[in-house]
Amino acid sequence: MPTTDAFDPYHDLTGDQRAQLETYEDLLRRYNETLNLISPDTTDAITERHIVHTLALRVRDFPAGARIVDWGSGGGLPAIPLAIAYPDTEVIAVDSVGKKMRAVRSMARRLGLDNLFAWDGRADNWPDTAHYSVSRATAPLAELWQWHTRAAAELPADPGPTDWAPGLITLKGGDLSEEIAALRAQDDSVRIRQIPLHALLQDAAQHPGYFAEKCMLVVQRS
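Residue numbers (the numbering used here): 526 to 747.
Be aware that a few hints might be false.
Distance condition first, Cα-Cα at most 30 Å in a straight line; then the derived DSSO-like pairs of lysine-lysine [to be verified]: (1) Lys-697 with Lys-624; (2) Lys-624 with Lys-739; (3) Lys-697 with Lys-739.
I should point out that these hints are in silico values taken from the structure, not numbers from a laboratory.
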């Protein structure tokens, strides 16, 4: 795993995977003309504000055979970048907005992502299981943890030394003290780690200030 002060979110990606990410950017921009997949004022900065941001999850890896569920995936973030980066995993995008999930399915077909699936419906109604939960600015931390624990399954093998331990990994921003306190009040058995993205991504970002108040929250059982 790269050190956090010299992290390249594109590390170990092949030329084909990088090309897939570029194609995804083009598709996301095109679909966003008719669907509200991402904020319109970010379409000129998709690489930094969406791709690099979600690839921050690669500061550790997801092992082959893992199932990753993305709660509130919207336009496939972080589901699609993760499916590209980890072709030996299964990634499920979950969102209650059907037109967004239809767009994700269409983009997955165009990108040749056989390991990406989209499910449209409420997160608390998703009927399956996963080893990892991910999200980006979707819901309060306590609610995300409820979704994760309801769906959580054990990995078939112990994670490797550079892999994430099973749990919830979410991208958030701003003052999270109230969300963290609410989760601890709900479940005092959790271990919560906060990773600032400013230092992690400053070398990969054109405008490092964008990540000044953004972080990654990792929630796992103690």
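Now the hints, each set against the structure:
For the hint linking Lys-697 to Lys-624, the alpha-carbon distance of about 24 Å falls within 30 Å, and the restraint holds. With a C-alpha separation of about 28 Å, the suggested pair Lys-624 and Lys-739 falls inside the 30 Å cut-off, and the hint holds. Among the hinted pairs, Lys-697 with Lys-739 is consistent with the structure: their alpha-carbon atoms are about 6 Å apart, no more than 30 Å.
Checked against the numbered hints listed earlier, the structure breaks none of them; every hint is satisfied.
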